[in-house]
Amino acid sequence: MAVLDAPKIVSLRAEFSDSHTLTRYLATGGYEGLRKALSMTPEAVAAEVDAASLLGRGGAGFPAGRKWSMLRKAPTSYLVINGDESEPATFKDHYLVERDPHQLVEGVTIAAYALQVNQAFIYLRGEFALGLERVQQALNEAYEHGALGQNIFGSNFSLDIVVHPGAGAYICGEETSLIEALEGKRGFPRIKPPFFPAAIGLYGEPTVVNNVETMSNLPWIVTHGGAAFAALGVGRSTGTRLFALSGRVNNPGMFELEMVKNTFRDLIFDPALGGGIPGDRKLKAFIPGGVSAPWFGPDELDLALGQDEVAAKASMLGSGSVVVFDEDTCAVRAAWRITKFFSRESCGQCTPCREGSGWLERIMFRLEHGGGRREDLDLLLDLCDNIAPGLGWPPQQTTICVLGSSIPSSIHSALTMFRDEFLAHVTNDGCTHG
Amino acid sequence: MADSTETRTTVTVTVNGRAVEAQPGEMLIEVAERAGTYIPRFCYHPRMESVGVCRMCLVEVDGPRGATLQPSCFVGCTDGMVVTTDSEKVKKAQDGVLEFLLANHPLDCPVCDKGGECPLQDQTLAHGSGETRFIEEKRHFAKPISIGELVLLDRERCIQCSRCTRFAAEVAGDAAIDFAGRGDQIEVAPFPTEPFDSVFSGNTVQICPVGALTAKPYRFAARPWDLDQVESTCTTCAVGCRVAVQSSGNRLTRVLGVDSDPVNHGWLCDKGRFVIDAIDAEDTSGDVSDPTSRIREPLVRRDGVLVPVSWGEALGEAARIIREATATSPDGFGAIGGAALTNEGAFAFERLLRGVVGTENIDAQYGDGLDPVLLSAIPRATIDEAAHACTVVVLSGDLREELPILFLRLRESAVKGRTNIIELATGANSLRSLSRVTLPTRPGEAHIVARAIAGDSSALAQLGTHPQGAAFSDADLEDARRLLGDTGEGVVFIVGRPNAAESAAVIESAIRTFVAEYPQARFLPTLRRGNIFGALDMGLAPGLRPGRTAGARGRSTIEQLRALTSGEQTAVMILGGDVLANVPDRALATSALAAARVIAVTGHGGPTTAAADVVLPASVTHERFGTVTNIEGRVTAVAAKLVAPGAAWSDVAIASELAEELGQTLGLDSVEATSVAIESTTGYPATSVVSEGAVEGRVVGRADLTSPRRALDPIAFPGIRSADLVGLAPRAGAVEEPVASSTAALAPVTMADTPEQPVPSIALADAYALRVVATRRLYDRGDAVQGTAALRPLVPATVVSAHSYDLNRLGVTTGDVVRATTPRGSFDVTVRVDDDVVRGTAEMHLNTVTTDGVDVVGTYVIDADAIVTEIRLESR
Amino acid sequence: MSHFRPELRQRAEETVALYPERRSAMLPLLHLAQEQDGYLTDEGMIEVAELTGTTPAEVRGTAAFYDMFHLEPVGKYVVGVCTNIACLLAGGEELLAHASETLGCAVGATSADGLFTLEETECLADCNIAPCVQVNHRFVRTTTPDALDALVADLRDGKREDEIPPHGTLIRVKRSGGLRVSRQQIADERTRERAAREERTAKEGQ
Ligand SMILES: Cc1cc2nc3c(=O)[nH]c(=O)nc-3n(C[C@H](O)[C@H](O)[C@H](O)COP(=O)(O)O)c2cc1C
Ligand code: SF4
Ligand code: FES
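Protein chains in written order, with the numbering used here: chain A, 1303 to 1736; chain B, 2 to 877; chain C, 1009 to 1214.
I should point out that these hints are in silico values taken from the structure, not numbers from a laboratory.
Misleading hints may appear alongside valid ones.
Computed list of lysine-lysine pairs in DSBU-like fashion (alpha-carbon distance at most 35 Å, straight line) [to be verified]:
hint, chain 1, residue 1, chain 2, residue 2
1, A, Lys1494, B, Lys90
2, A, Lys1310, C, Lys1182
3, B, Lys93, A, Lys1615
Output of the computed footprint for chain A on chain B, the stretches with three or more beta carbons under 8 Å from beta carbons of chain A [to be verified]:
hint, segment
4, 55-68
5, 100-106
6, 128-138
7, 831-839
The beta carbon of each residue, even a glycine, is placed where N, CA and C say it ideally should be.
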């Protein structure tokens, strides 16, 4: 049975229709965390976050506290919030910015205080028109309320936050690409090293980039203490997380669950959560953490929803989005569509990513729509191997950013798990599913 | 990068088991190459920042997480680094990248201009599997589209290495092309209404590693394997870029930049690159007034028409003109021009004119330059010194228009923060946005501004109060003074003639102030014409003798033109170059030529040739051996790639034969003999030392300043295969055993030889007159551009540009036609608002024409006698 | 002469002032240019180049990287239907095909009356209400062909203009002011904080 007794940390106000307003926010404990933070030293705030073991919610899962402390040696110049959320089947940040923008603003302000940064940017996906308006509204209200601007709540700390609208490019979620976009350029990820924008970030200055959900956890952490957060979950995976469930389930949606305490089976089948598969069809496979992640079959349903637990099985929890395939789902079609996504979203800098994604997509298209050849199966694998040598997990990189090395995952998963289906596509000259 | 690591010691890296020494942080790709391991590449270019996008150069680097694939063009060497470039894993990764690059690349090598010299083709032949696994439809774009006047783009061939876009943004600083789109739809594109007409556009064609960018003038002109090539020096301007000159048959087909460390870093401007037709030896149009026509036979005027004659007859006629003109005094004769000659040709003519004819009236400049003695006396800087100076002061015309590659070198140092630029801004200038301090300077004021900079507190008062407002603030002046320091140590002054409508005396006075006040500073003069510095060094100037030594002062060009008009001088010899197009005061030149007997030594037709009485056909650039000297005094070899047409002779031969005709012997039987004579009589470096190929020329008077030649990198500059240095054959032991008994040491003129000339004071302009700044454009109506079909459309029409403050008062704006009046007359001209033009001045371009076809600047504006020229604009 | 109308020009200048470097305002200004013209006109991009200190080629090149910027005219309503994985599993492709029929234009094209442009989008981050549809980047949550047809009818009748402004208008909530923290203040605050921190560390050390 699913474990559902953990406190709601970031989706507390979900039940209210006016959850985005300052009134509702203040009525539900809003800005208390910030007031408390301002009464502490910046180091003490950072220490709470460190103690909370808050893993970044943007996909890579790097501990926020560690990221900050890497920077506290030299003064940080900018704090940048990653709200680009374009990872397929991920929709938690969309929810957070539309439904609880003040929580984000408060979290950002707490982080800025801990880092002693005076200008922060919230980069929001351009397609979130309502989210952009809600966050702007929240900022306006926060300035008015004294929670932002000069001498916040009478402290000596001042901060400006600027909302920066994206314009439709998945790659801008990659943090160095996001910084380029924030500098007014095309979103070409920067070549590493340096490996973190911490060293050379926005305008060449030390910069912290954190995800929207990561920030939204901060008011609760400061209010209740890092230890309380760390008491939830298991091991490194602490607190709660927003899991986005989609695909062939009865009750797709977003669920805030305590880390590690539940399994994929709970998430997908528990009546309070996913509610199982329509028509009680069989589960064929699921993607555990965004389309870059290798797929799991029914065998892995009892795996716990934790970062290290999933990593141990050679995949990733990533952005916490789970996509369910039922027995009627065509694996070739699914892998083709994911490859098409990468091909459309490759920034185009690196040859293997730019050309490889397009080539793979066209082969997969033929397999799915007719014209597939038997030798295409080996060709697919060899091309995948040229993009991510060895096809292991985590993948080896031949490209500047990990988008490139993520391309092979779905094809490799599909081919390994459902090779027969590929062969049937060749034999039937196209898809065999309805 | 090297700057910050110089103090540290070297590191050792292991490449395929072999230990190699490297600078810390030096790029692996370079270090491996030095160790004999060539790593394939496409996007990497040694003259630009690494971006590591093509991923062709992946190698294995051992690290904490085992060996990983890393782009060797982006990995800096650290001590103990272990690198493998020949493992199976590396090979598979590189082959994979190559296969990906070829996936969408069209199979049109047989019709591609790059075929035969294409890095992609070469790597494919070297490493490719030979069979394609890509059976999908390739990416389609419309086949070549024109993206500028000179450049075509075939987007299907593009491999997105970004060399061209990076060149435009990073090196040239005018991002007129950029990547558009995303993923495999990325294309290089200009803005629809603003074509890619950068003056450096040809470089993008040269560094494109495939055939995506091609040059219109070269398209289908030749196949690489048909081409012969030699290395030479570009003489289109005085920077002296190293070039590979390629021909097919006896036709010039292409000029490519060769990477020379001290000079051009491989880059060329489009004028230097594309001025090809103008030299074309195949042209037979025969119209002597046409600048594109070649002179193939000696001509003599008979009954008013120029008719072909034998060399003997022509030389006889020329000698007769000279004898008649010098019958009473050698002063009755003189010579104008010489910047188009080689050093050897210039020396031979100097010997003829001074030694045989006895005249001192010799001038290679056209009245638009500076005092040659002053230029020879100031301590000369090299281009490298200017590009590494802590502070550079610019008092010159727009360098991007006049000496484009010098502009690139300075731009690089300013962008990288090495150099602070102080600009005495006389007009709009491409360095403006890079300058630390801009001191707007109106015509007739540079000498005063110079004194103010040097600390003369009374100087500013002399600037008076202009109705158009103060030109610069005290704070700017203070900034400039701080950057210059007390002695000028580490400072380079870049000095030229920023305005042809202002007396040279103004600029010369400013230079003298700088020389006196900043004894440690060096100077880089920016005279512009091809081998002008060689000509001055060989004594083709009033007051100078070969080897920058002092001599009696004869008439300058302007003085000769006046003397010809008045009859004091009756004949003149024109040494290459069209006088009418080159002397800014067109009226003076026209009347002088009409009155004079003219001997033209030239390879081309043109108005001056058509006005001559005797025309002696000479070989021109790319048709002759010898040396030339650039702005910094660097002597490099020029090579003959073509055979001169018809009966044309070398300049040395023409001078020698004319001397014989006049009854004397120069003793200069060949170009080689001339170079020996130059070296032994003046100590000036000659061909023997530059043709050995190990160094990039010799700098006059600075024997210690030698730069070793760079190794050729065919991927950095595709198309240059061997670029043999074909100069004069090295003379064995020449330096040790000079022909003359003693090698004369170079004892150049000093500042004492060029005393201060007072600048006459000028009345302040009234509130509505503007002072004219007449500047040069790279593309103008000069021979080179007019002779080249591809460049002719790039010549702008004459407009008058002024600050919005001044034009608003008149109620006119960009595009309006106004009535302009100068002391010489009135004319109509279009105005353009340009707030980079100094208030109270009006900028116009020399040697261009209005839409009515009139050279209003040469006709109405320039007055060789005036200190400054004022113009009044009225709305019509 | 400004191509932007005065109100937008002022907003553009205010936007530029929010960033430490002018070029950073590129994306917001391009959105403003689209708000004015419905798509990116040459004149609009030239003005953005001027405001951001870049060349028009750079502006166009940057704009062309991003899906939301249109270099060609588009309809008053840009309808996006997602076909990415979650929506694919919920019938996104079928809904897209239906939309094409209803609007009478192919994917990527504009209807004859110039009112609609249809696009196939990547994941729009609303996967629990799949297939996901946006009009001018507003989530309309019409997951069935019938609901989509009703929406299109409403739009044709001009019924939802309050909720869905014409294409190009992205953010209708204006920022309530410029930056409040001056650069000087930031520098001072930094110095103060550094001193305070040193003091605290020193104390801890004791
Ligand atoms: C291709 C790619 C896309 C990404 N997209 C997002 C995104 O949409 N949102 C996000 O927060 N992080 C995204 N990331 C991760 C960011 O690079 C970065 O790790 C994250 O924003 C850091 O925040 P966190 O530490 O709070 O998780 C992406 C990474 C890659 C490589
Ligand atoms: S891997 Fe792909 S998306 Fe990432 S930088 Fe390279 S081309 Fe761009
Ligand atoms: S990535 Fe190194 S040469 Fe292109």
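Consistency of the hints with the structure:
1. Between Lys1494 of chain A and Lys90 of chain B the alpha-carbon distance is near 21 Å, which keeps this suggested pair within the 35 Å criterion.
2. At roughly 32 Å between alpha-carbon atoms, Lys1310 of chain A and Lys1182 of chain C fall within 35 Å of each other, so this suggested pair holds.
3. Between Lys93 of chain B and Lys1615 of chain A, the direct Cα distance comes to roughly 28 Å. Compliance with the 35 Å bound is thereby established for this hinted pair.
4. Given a C-beta distance limit of less than 8 Å, the hint that chain A covers the segment 55-68 of chain B holds, as 4 residues qualify and 3 suffice.
5. With 5 residues bearing a CB less than 8 Å from a CB of chain A, the segment 100-106 of chain B meets the requirement of three and the coverage assertion stands.
6. Only residues whose beta carbon comes within less than 8 Å of a beta carbon in chain A count, and the segment 128-138 of chain B has 4; three or more means the coverage holds.
7. Residues of the segment 831-839 of chain B with a Cβ under 8 Å from some Cβ of chain A number 0, which does not satisfy the need for three, so the listed coverage is violated.
When each numbered hint is compared with the structure, a violation occurs for hint 7 only.
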